[in-house]
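Colleague: These protein sequence lines map, in sequence, to chains E and H. Here the numbering used here is used: position 54 in the first sequence is 103, and no number is missing along the way. Here the numbering used here is used: position 244 in the second sequence is 252, and no number is missing along the way.
Hints were generated in silico from the structure; no laboratory data involved. Keep in mind that this is a model prediction, so the values were computed, not measured. Keep in mind that a hint or two might mislead.
[What the hints assert, rightly or not] 20 Å max Cα-Cα, derived PhoX-like pairs, lysine-lysine:
no., chain 1, residue 1, chain 2, residue 2
1, E, Lys-111, E, Lys-136
2, E, Lys-111, H, Lys-231
3, H, Lys-230, H, Lys-266
4, E, Lys-136, H, Lys-217
5, H, Lys-17, E, Lys-111
6, E, Lys-95, E, Lys-80
7, E, Lys-95, H, Lys-252
8, H, Lys-192, H, Lys-163
9, H, Lys-62, E, Lys-136
10, E, Lys-95, H, Lys-256
[To be verified] Just a sample of chain H residues kept apart from chain E, beta carbon distances all over 12 Å, derived:
no., residue
11, Asn-15
12, Gly-82
13, Ile-145
14, Leu-149
15, Asp-158
16, Leu-180
17, Ser-181
18, Thr-188
19, Thr-219
20, Ala-237
21, Tyr-238
22, Thr-250
[Unchecked claim] If you want a taste of the chain H side facing chain E, the calculated C-beta under 7 Å gives, among others:
no., residue
23, Lys-192
24, Ala-236
25, Lys-246
Idealized CB from N, CA, C, for every residue including glycine.
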Amino acid sequence: MKYRFIVDPVLCTGCRTCELACAFSHARNLKQGRSRIYPLTHEKDKYVPVVCLQCDDAACVKSCMFDALRRNEETGAIDLDVARCVKCMACIAACPFGCALVDEVHNEIVKCDLCKGDPACAHFCPSKALRYTKIAVR
Amino acid sequence: MVTITINGKAVQANEGEMLLAAIRRQGIDTPALCHHDAIEPCGSCRLCMVEITKKEWEGWTRSVTSCLYPVEPGLIVSTHTPQLLELRKTILELYLARSSQSEVIQKMAEDYGITHSSFPVIPDGDDCIMCYACTRICEELGCFAISAVDRGHDKKVSGPLRQPPPDCIGCLSCAHICPTGFIKWQDLDSTRTIWERQFELLSCRTCGKRTITRDFAEYLMKKRNLPAAYFELCDDCKRTETAKTMGKIVVAAQEVLK
């Protein structure tokens, strides 16, 4: 993996621009998609953008019985193959961070796929709390 | 990579894949009811029929189900010849005779210009088209809870001996994959009813939102080695917990850096 998605809660101001960027970049048929990122507040004026961590030993990949969730070696993200998904909700129940979601508008399961290697939220984050940067390969 | 010709256009296809995948990648609309990427193809709905030929076949053609026919080098495929359209229309008329109330089939028939079947309509016909997508997905899961029972006119998909299936885990994969939406289920309070069997739904420890069935969670714990703690909360509460935990980590890290 050459790039890594960095979430820096210290810099997050809770402006929710990432949520808008995500919903609009996943829009289809003139309808917004469900945002894959959630800037949540845990204490007054302190925010954490909760987004898929693309775990190495991911519970969603383990729970998927039809191989719909697979690691994309190019981007490092876990991609959901919508054509293979049967919406059994196993990944939603299994993800310990709650980052697999149901998109009720488009009637499908969604999760962060790092926008195929170019995350929209990182582009729009005004405080640079979300970054997609090159890291040294160890 | 294999080069084949689809409707007069030379295209590249992956080795070992089926014709339907190559055709659909070109954006050509080929109807199919029994096909789903998650299950093995079985070619039961017969709607994805295409005409194939090769140069050395000297004009002879074959009609095959594209979901079951692997790509071969030099294959020449036609998807919308008059004969194929006629064939699809006949099949759709037969489906309309069996499942006259199904919206999916009505819509598909309308696209081919059919409004009523020329075959006698079965008065007590149901929406099940016997494509076995439900039983195939159940096999894929490793549950083998449902299958076709009886023969001929009485044939239907059900649990063994027409009883509620004891091996079912209530995951709803069969209901979601059913092309005509024939398999019905109901979530009432903390019970889910499917295949005339009742399942207990797990509820979130914090907010009480219902998640998946207890049997399904146990199946995932046993077969996929997932800890039971993962299934205690709903996704909304899990995100709140994640925010809290990460907030704590951030505070701790800032203190260390001071």
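Colleague: Hint check: E:Lys-95 vs H:Lys-252, CA-CA at most 20 Å. Holds or violated?
Modeller: Distance of about 10 Å is within 20 Å: holds.
Colleague: Holds or violated: are the alpha carbons of H:Lys-192 and H:Lys-163 at most 20 Å from each other?
Modeller: The given pair, whose Cα atoms are some 18 Å apart, holds under the 20 Å limit.
Colleague: Classify the label on H:Ala-237 as holds or violated, using whether its beta-carbon is more than 12 Å from each beta-carbon of chain E.
Modeller: 8 Å, violated
Colleague: Is the nearest Cβ of chain E still more than 12 Å from the Cβ of H:Ser-181?
Modeller: 5 Å, violated
Colleague: Can you confirm whether the C-alpha distance between E:Lys-111 and E:Lys-136 stays at or below 20 Å?
Modeller: 15 Å, holds
Colleague: Regarding the assertion that H:Leu-149 does not contact chain E, is the least Cβ-Cβ distance greater than 12 Å?
Modeller: 5 Å, violated
Colleague: Given the hinted pair E:Lys-136 and H:Lys-217, is their alpha-carbon gap at most 20 Å?
Modeller: 18 Å, holds
Colleague: Between E:Lys-95 and H:Lys-256, does the CA-CA distance stay at or below 20 Å?
Modeller: Cα-Cα ~11 Å, so holds.
Colleague: Does the closest beta carbon of chain E sit nearer than 7 Å to the beta carbon of H:Lys-192?
Modeller: 16 Å, violated
Colleague: Take a quick look at H:Tyr-238 and tell me if its Cβ sits farther than 12 Å from every Cβ on chain E, holds or violated.
Modeller: 5 Å, violated
Colleague: Mind checking the alpha carbons of H:Lys-230 and H:Lys-266 for me, to see if they're no more than 20 Å apart?
Modeller: 45 Å, violated
Colleague: Does the claim that H:Gly-82 lies outside the interface with chain E hold up, using a Cβ gap greater than 12 Å?
Modeller: 28 Å, holds
Violated hints, listed in ascending order, are 3, 5, 6, 9, 13, 14, 16, 17, 19, 20, 21, 22, 23, 24; each of the other numbered hints is respected by the structure.
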